[in-house]
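**Q** Each residue of the sequence shown is one higher than the one before, starting from 0 at the first, in numbering that gives the first Met the number 0.
FYI, nobody ran anything at the bench for these hints, they're computed from the structure.
Values in this document were obtained by computation on a predicted structure and should not be read as measured data.
Ideal Cβ positions, reconstructed from N, Cα and C, are used throughout, including at glycine.
Where hints are given, some of them may not hold.
To be verified - Restricting the straight-line Cα-Cα distance to at most 25 Å, the calculated cross-link-like pairs of lysine-lysine (PhoX-like) are:
| hint | residue 1 | residue 2 |
| --- | --- | --- |
| 1 | K56 | K96 |
| 2 | K183 | K129 |
| 3 | K56 | K92 |
| 4 | K82 | K129 |
| 5 | K96 | K139 |
| 6 | K108 | K61 |
As the list claims (entries may be wrong) - With beta-carbon atoms standing in for the labels, derived distance ranges:
| hint | residue 1 | residue 2 | range |
| --- | --- | --- | --- |
| 7 | T93 | S54 | 17 to 23 Å |
| 8 | N300 | N138 | 37 to 43 Å |
| 9 | K82 | T217 | 36 to 42 Å |
| 10 | T137 | S221 | 36 to 42 Å |
| 11 | H64 | K183 | 16 to 22 Å |
| 12 | I289 | S221 | 35 to 41 Å |
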Amino acid sequence: MLAVFSPFSCLPHAFAATAPTQQVMHVPGSPDFLAVDGASVWVMNRGRVEHWSVSGKLAEVKLDHPCGAMSVAFGSLWVADCKANTLNRIDLKTAQKDVVIQTGIANPKGELNVVSGEGSIWVASDGSGKVARVDPLTNKVIASIPVDSETYYLAFGYGALWGVSATHNTLQKIDPQTNTVVKKTALGRAPGFLAAGEGAVWVQEQDDGTVARVSPETGEVSGRVNVDNSLMYGDIDAGGGKVWLRTTDHQTFVVIDPQTLAIRARIGAQTGSGALRYTPEGIWTTSHDIHVLAWWENPENIGN
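Please construct the entire structure, taking both the sequences and the accompanying hints into account.
**A** Here it is, written out as structure tokens:
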């Protein structure tokens, strides 16, 4: 049976006792997507990516038009450039751009992901329906995988690459052994960012204001949680026994119980759109409209 949890009666003040404090860092420009690098984080900004810790800015690397969610893997930061239509490799130690890879970029508006898994880097490379697989040893595209058109959003987990098409309303499971789509799942309206973890694949159904829980074994939707009227655009992550949903209405982020689908907490003030990443030590969030990077400590205590 499909589980559905509807918490619309739960207002932010209902969770006041669980609300954590945040450390706020003011970041000029438009801080957005995040990639965790140990105790620090890489932040996408206009014309550059920046390396930050809670102590302040550590470095920056200029790019024409960095876009989309980034990935830290193989000693590098991997970031798409929507003007050059390239995948860029930045050395984590030197903060220097080492390699530019001609992959193509599927969504020039910038809503997409670069992810790592199965010894490769993956990026949505063509809006007509292609995902590029890059070998980090050679910095070459080793496969171009046919997918539904306008598949922009990716995640890797449970031995598979997962890709979402917001126009076809599908989640596609891609087998990295064969580089083929082996399962398609029908989703709600305008699905977007997704995360693999805490026993499932979690997908924002942005126009429905819901998050879908998908079984990685069967590829079927096993439950949904109604969060708000809309989830445009926000972000999502999973870890520490919780699902973390960056929202754009009524609060900064929401904490979801992956087993019961109950909303455990609604945290922070409404700050417009931005990104979120979980670490065991804390949660990083951005709010690009108000030029803020925030650090929320002790995630094990949030939503308990």
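**Q** Compare the structure with each hint and give your call.
**A** Going through the hints against the structure:
Restraint check for K56 and K96: the C-alpha separation of about 18 Å stays at or below 25 Å, so the hint holds. Between K183 and K129 the alpha-carbon distance is near 15 Å, which keeps this suggested pair within the 25 Å criterion. For a cut-off of 25 Å, the pair hint linking K56 to K92 stands: about 15 Å separates their Cα positions. A hinted pair counts as satisfied when its Cα atoms are at most 25 Å apart, and K82 with K129 qualifies at roughly 18 Å.
A threshold of 25 Å between alpha carbons decides the hint, and for K96 with K139 the separation of about 16 Å falls inside it, so the pair holds. Pair hint K108 plus K61 holds up; C-alpha atoms about 19 Å apart against a cutoff of 25 Å. A hinted range of 17 to 23 Å holds for the C-beta pair T93 and S54, which are about 20 Å apart. Distance hint check for N300 and N138: the Cβ-Cβ separation is about 42 Å, which falls inside the suggested range of 37 to 43 Å.
A beta carbon spacing of about 40 Å between K82 and T217 agrees with the range 36 to 42 Å that was offered as a hint. Separated by about 39 Å at the C-beta atoms, T137 and S221 satisfy the suggested range of 36 to 42 Å. Distance hint for H64 and K183: a CB-CB separation of about 31 Å, inconsistent with the stated range 16 to 22 Å. Distance hint check: the CB atoms of I289 and S221 are about 36 Å apart, consistent with the given range 35 to 41 Å.
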